[in-house]
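Once you have looked at the hints, place chain B on chain A.
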Amino acid sequence: MKPRKTAVPQTSARRRRRADAPSVVAGAPPVEAVAEVRRNTALSADAFLLDLMVDMPAALPGQFVMLGLPDGAAPLLRRPFSVMGHDPSRKSLEIHYSARGAGTRVLSELRPGHKLGLLGPLGRHFPQAAEVARRPADLEGGLAPLSVLVAGGRGTAPLIFFAERARRSVGGSSGPVLFLAGARTAAQLVLLDRIHATEVFVSTDDGSAGKKDTVIGLLKSLDGQPDFALGAAGRETRRRPGAVLYGCGPAGMLRELHSYAESRGLPCFVSLEARMACGLGVCQGCAVRLTGSRYALVCKEGPVFESCLVDWAQYEGA
Amino acid sequence: MSRQRRESTTPAQGRRGSRGRPARSVSAGAGGARLPDLSVRIAGLRLSTPVLLASGVAGYGEEMGEVVDLNRVGAIVTKTLTPEERAGNPPPRLFETPAGLMNNIGLANVGLEGFLAEVLPQLKRHRTRIVVSVGGFSLRDYEKVLASVDAAGGAHAFEINVSCPNVRAGGIHFGCSASRAARVVRALRPLTALPLLVKLTPNVTDIGSVAAACVSEGADGLTVANTYTALAVDLRTRRPRLGGVTGGLSGPAVKPLSLAKVWEVTSRVKAPVIACGGISTAEDALEYIVVGATAVQVGTACFRSFKTPELIVNGIIAYMKENSLSSLQELRGTMTLAPAE
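Sequences listed follow chains A and B, in order. Going from the first sequence to this note's numbering is simple: count from 1 and add 305. Going by this note's numbering, 184 is the number at position 203 of the second sequence; the sequence numbering is gapless.
Honestly, I wouldn't trust all of these hints.
[Claimed, not checked] The calculated lysine-lysine pairs, modelled on DSSO-like cross-linking and capped at a C-alpha distance of 30 Å, are:
#: 1; chain 1: B; residue 1: K105; chain 2: B; residue 2: K125
#: 2; chain 1: A; residue 1: K420; chain 2: B; residue 2: K288
#: 3; chain 1: A; residue 1: K396; chain 2: B; residue 2: K288
It should be emphasised that the hints constitute simulated quantities derived from the structure, not laboratory data. This structure is a prediction, so every number in the text was calculated from the model and none was measured.
Chain A extracted, bound-state conformation (with noise of 0.2 Å):
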């Protein structure tokens, strides 16, 4: 198989180029806007969907936004929350988040009407498969590579923006999208009915929804059909170039799916978390290991990285 042995040159040059490039974020300059609560619904104890009204420019799937609460009111700071959708024409953004720590327990007693401070979008989004696919998809007879999203826990709002961009894109040409929901029990998949992929696969820690498995344990059971490093994709008579993995989750699960991602030879790229002070790059505060003993910005040069750069036994999340 020629294309196979021509892969592994392919992905290191890829990588070193990635590693060299200077920080260039696609899209829109980020704006600070007052964004007005629309809703903020209480999905399960502790996990909301907030729909704001805010003007600012289209954010991408993996993008962020820094949401602060207005005039003097605790916490200090803004904190970063993934985009999980947005409409630049009905100004309407969503954010997916869990009242876990003092902060997000403001933001889940928000009622419609509320203001909060906003600044966005922020930081790297997630590269379209096609874009990064070992092989060009042109070389497969113009089919494009299987997007494989892994998410854990509160990691699924990012990448159901993804699946929903690629479920847009014109003419299906992002090609067929595999959306994976782990959660440590069923109350936690709360977004299922907001998922929209070829097709969708559940797991749970105590199996009380989908699988009983974890959702890197789910992935390498689906991992053959179709075999995600050949894209040989069921029915189909064309083949395919490997699948692309995403991932966004805990700290645990995202260095698992690094690991699985290296045996397979696959393309990984993920979504990281850091404590964050000023979202633009400034204050230097969300820095975290890469290899070669080098630092990037999580806001900047992130959120989301190429598995391959991350130093896993210094990653913990935030």
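What follows is chain B alone, placed relative to chain A:
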């Protein structure tokens, strides 16, 4: 000096309102009323407003320029520059406390070479004043950075950082004793004709004596103060919250503390003081000025909204109008210790 003189004789052209007296831009209404003058002078350096962006929050001006009109601030103080590029300290680097922010960044910066090649040319494009924050781990480091930036041109003043609490050698080591701080100023003073400010640490017993020592060696002004050494512990893991163990505390929590430090310094020396510590409103800034500060720096509050410096400028203008003040000079150091009648 010639630059300032030229500027003060520039005719009041409305289209350049953000450069000159900001009062012009609010001249509507109150026909003929005297417009407040927000400009201040620090050792010959004229700032169009008394509100500066503190070191570390403005980066090198470029990143923030996307969301802030940098020309509405009196000056930008750059992220502290050291001779070599620094990656910074291990994460986590930030932890929020009630009304405060702890940081342990560790002077992450591009280094002298990168600064001169890439940052300084960008900074020069702004009309606002540029204060370059100078750091180092030895006297030689400070000398090298200051002399190189001075030679390159483009900076309007220097702020000597002898107060970073997050690096092992250098930094705060120099700022913790009057004699060591004096030694730094003595070494740097002959190397530049530009205003030389020294950013002091509040983590000392007698900040007044450190300030006096700096001034006696030729410092033109003092920035009071850097952050307060602080510690936070995660009870679950019993580990420090920050990768570098301790960090520097900033934000509204430290305002009363730094207000006292500014009072100590202005009671001791005549040189202008730039207050820095928890300023997030015009009232905060005005309190510092009443205690004796000439100008103020805004830091942590920018992370809540990058419009904060502009709102503070607007608030100061409103206060001056309300109290019929034509210049901030009339307000500076007017705190009275006598009990109210």
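Hint check:
Between K105(B) and K125(B) the alpha-carbon distance is near 21 Å, which keeps this suggested pair within the 30 Å criterion. Among the hinted pairs, K420(A) with K288(B) is consistent with the structure: their alpha-carbon atoms are about 16 Å apart, no more than 30 Å. Our distance criterion of 30 Å between C-alpha atoms is met by K396(A) and K288(B), whose separation comes to about 22 Å.
Violated hints are absent here; each numbered hint is respected by the structure.
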